[in-house]
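A.B. asks: Here is what each chain is made of, one letter per residue.
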Amino acid sequence: MMGTILSTWIAATLTIAILSFLYKDNPLYKFAEHLYVGISAAFWVVYVWAFDVIPMIWDRFLEYKAAGNWIEAGVLIIPAVLGLMMLTRWLGPKVGWISRWPIAFTVGIGAGLGVIASIQGYLIPQIRGTLLPLFAKSPGVMINNIIIFFGVITSILYFYFSKELKGVLRVGSRVGIIFIMVAFGASFGYTVMARISLLIGRMYFLIYDWIVPTLKLIGIM
Amino acid sequence: MKILEKIINIDRRVIFLLIGLVVFIPLLFKIVTPTKISEPVKKAYEAIEALPPGSNVMISIDFDPTSAPECMPMYIAILRHCFKRNLRVIVLGHIAYGIPLGEIGLEKVSKEFGKKYGVDYVNLGFRPGYTAIMVGMGREIRDFYAQDYRGTPIDSFPFMRDVHNYNDIEMLVDIAHGYSAELWVQYAGARYGQRIIIGSTGVVAPDIYPYLQSGQIEGIIGGMKGAAEYEQLLKRPDMAAIGMPALSISHFFIVFLIIMANIGFFIRRRKR
Amino acid sequence: MKRGVPLIITFVTGVLIIIAFFIPHKPFGNLEQRFLIWYSIVAGFTMLLGIDSLIKYHIRKIRFREKGWGYSIVTVTGIVITLIFGFYSWYAYHTPLALGSPFMWLYTYMIVPLQSTMFALLAFFIASAAYRAFRARTIEATLLLIAAALVMLGRVPLGEALRLKLPAIANWIMEVPQTAAKRGIFIGTYLGAVAMSIRVILGIERTYLST
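Protein chains in written order, with my numbering: chain D, 1 to 221; chain E, 1001 to 1272; chain S, 2001 to 2211.
Please keep in mind that the hints were generated in silico from the structure rather than gathered at the bench.
Treat the hints with care, as some may be off.
Listed below are the simulated DMTMM-like cross-link pairs for lysine to aspartate or glutamate, each with C-alpha atoms no more than 25 Å apart in a straight line [as the list claims (entries may be wrong)]:
1) Lys2067/S <-> Glu72/D
2) Lys65/D <-> Asp1168/E
3) Lys1084/E <-> Glu1140/E
4) Lys2026/S <-> Glu1046/E
5) Lys163/D <-> Glu2140/S
6) Lys1115/E <-> Glu1039/E
7) Lys1115/E <-> Glu1049/E
8) Lys1235/E <-> Glu1046/E
9) Lys65/D <-> Glu1046/E
10) Lys1271/E <-> Glu2066/S
11) Lys1235/E <-> Glu1112/E
12) Lys2026/S <-> Asp1143/E
13) Lys30/D <-> Glu2175/S
Where chain D lies over chain E, by a calculated footprint (3+ residues, C-beta under 8 Å) [said to hold, decoys possible]:
14) 1014 to 1028
15) 1043 to 1053
16) 1059 to 1068
17) 1106 to 1116
18) 1145 to 1153
19) 1178 to 1188
20) 1246 to 1252
Beta carbons are placed, not taken as given, at the ideal position from N, Cα and C, and that holds for glycine.
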């Protein structure tokens, strides 16, 4: 119990240190900020060791070795070497060019996957979702379908810069900006909700995980 | 006019103080208010409710402490729903800072329902690679997660022996604070037909609505409000529900600020 | 070696991934899966790239007593403590994520408050920005503010209690015009992404090769 309270005091102190930035930049905030940078950087090192190097390379190598599968065990050296080649960036530009090989590998795979996902995962289904019946029995559904259909087309039209927009195209572009502004407004509303929620979380911690248990411990509550 | 100028040019620290108070004071009272259930959350709830007991649900922890107040309540609510329906839960994640939150949530909720690790749920942990994993798991999960987060081979867990790829996962729930939601839909949903529910922060939720309209996902739990709605559907109000009064008042306060500022702006403009 | 080989690697891997989508059988499917596993392994090492320059920068600051070198000691101490806690937890508990391990203690009582409070500051800044900067100067800006206000008020219980159909309006805004506009924006984005990916695979786009 005492250990938890002390730990919570550390967490609360760090929380207040960061919040103190709202008044002005100060040494307490800088301390917390630099501590955060250090811990975050080292966090990745631990993770790469525990969740990449050990399970994906070392443990697998031992498995293949135990099964007598020396070909697979040997092939496993390739990604391990690629990973180490990536780290040659630490050694400066003279040696760092070696990292281009694993970067090219990851970029190539990412690009290949991206082409498929963009078309199959977004473009086709979303265009299909836009091709809605513009006449429907229910007036509400009909109006919504018309709004979605024309909203998508005019929004895309707003970003068409290959030709000067005149006449109908210009009207379409103007309609498109209306839709886009409504969308940005809605996104802003949700963003406000998100940010306030983060503050609610921290306030909840300060009140119910720090102040109340401390008051209980010293007998005030 | 002088007063108007003072109000328009008020020190921002006064606004900081006011917004702090607007959030702090309602939280002191821990009031739970009923909330209207929106259609996207209802769809998400019904999708899980319809799963037969024993179904496998994969939950991807794609959030971290920066979005925990929004995402953690919806994650806890989803876990409670899954355990209540005796669904088997497989947790994994692509955000390094979020996976510990996944473990904390599992530990808390599994105790509530008396669920056992390895029998009712498993935590596969973190692997780097994001989209490569999403695509690769369509063939074989063991190619990336041969072990759980403790290094235990997943084949030592009874229910995981029959789980090889998305064909064996009845539902995937992505709790996302960034673009991972879209990646799951595009890489796992579109390619392998995986059924997906998205729980996301308020920042990301508007971008996910097109996927709901096109039928690519089953439901959306958007932000702390979405989490509160889900808690209400479960009849288990928790952190999200407690946060609703503070959220309500702060939203009204910010709209009030915008209106006040614009009134001042128009008065100033007219006087010029 | 420096440019030619990486361009060939990008081309081969990119084309293979696309072919494997259409021909998922041997050898393409198996090769694709193998490459995806390798990608996962290599991606982990990519995460380590930043730490080297960070350590060098702060060590230099400490060595030469540059301005703020005291804070650099804090950063380096944070790195060392995290590494010790992390590797010890991995060794003793078989995972750094074991509840009750020193690494999880560090995570719960240091990383969580630091990270979450950093982002909680945004709540204050968004309120301040809303007051100081959001002006209905044009029709478009007015539309944006009206949509924002309707969504903000309609998506909270207090707005629901007012019985002005605000929740229905907010939900309609999200499901219809907002969806339409976002879809239009992202169709453009993903068309661009396809074009960019093809340029990268074909070696026309080479900015990723700079060191």
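A.B. asks: Next, verify each hint and record whether it holds.
C.D. replies: Results for each hint:
In summary, the hint linking lysine 2067/S to glutamate 72/D is not supported, as the alpha carbons are separated by about 53 Å, beyond the 25 Å threshold. For the suggested pair lysine 65/D and aspartate 1168/E, the alpha carbons sit about 30 Å apart, so the restraint of at most 25 Å is broken. Only pairs whose Cα atoms come within 25 Å are accepted, and lysine 1084/E paired with glutamate 1140/E is rejected, the gap being roughly 28 Å. Restraint check: the Cα-Cα separation between lysine 2026/S and glutamate 1046/E comes to about 40 Å, which exceeds 25 Å; the hinted pair is violated.
Under the criterion of a C-alpha separation no larger than 25 Å, the hint pairing lysine 163/D with glutamate 2140/S is consistent with the structure, at around 23 Å. Straight-line distance between C-alpha atoms of lysine 1115/E and glutamate 1039/E comes to about 31 Å, which puts the hinted pair past the 25 Å bound. Among the hinted pairs, lysine 1115/E with glutamate 1049/E is consistent with the structure: their alpha-carbon atoms are about 19 Å apart, no more than 25 Å. Proposed proximity of lysine 1235/E and glutamate 1046/E is supported: the alpha carbons are some 14 Å apart, at most 25 Å.
Taking the CA atoms of lysine 65/D and glutamate 1046/E, the gap is near 48 Å; set against the 25 Å cutoff, the hint is violated. Proximity of lysine 1271/E to glutamate 2066/S is assessed by CA-CA distance (about 53 Å); at most 25 Å being required, the pair is judged violated. A distance of roughly 15 Å separates the Cα atoms of lysine 1235/E and glutamate 1112/E; the hinted pair therefore holds under the 25 Å criterion. Distance restraint check for lysine 2026/S and aspartate 1143/E: the Cα-Cα separation of roughly 17 Å lies within the 25 Å cut-off, and the hinted pair is therefore satisfied.
A C-alpha spacing of about 43 Å is found between lysine 30/D and glutamate 2175/S, which places the hinted pair above 25 Å, so the restraint is violated. Remark: the stretch 1014 to 1028 of chain E is confirmed as covered by chain D, as 7 of its residues place a Cβ nearer than 8 Å to a Cβ of that chain, reaching the required three. With 0 residues bearing a CB less than 8 Å from a CB of chain D, the stretch 1043 to 1053 of chain E misses the requirement of three and the coverage assertion fails. Only residues whose beta carbon comes within less than 8 Å of a beta carbon in chain D count, and the stretch 1059 to 1068 of chain E has 3; three or more means the coverage holds.
Counting residues of the stretch 1106 to 1116 of chain E whose beta carbon lies closer than 8 Å to any beta carbon of chain D gives 0, which falls short of the minimum of three for the stated coverage. Interface restraint, the stretch 1145 to 1153 of chain E with chain D: holds (4 residues with C-beta to C-beta distance below 8 Å; minimum three). For the stretch 1178 to 1188 of chain E, the proposed coverage by chain D is satisfied: 5 residues have a C-beta within less than 8 Å of a C-beta in that chain, meeting the threshold of three. Three residues within the 8 Å Cβ limit are the bar, and the stretch 1246 to 1252 of chain E against chain D gives 4, so the coverage statement holds.
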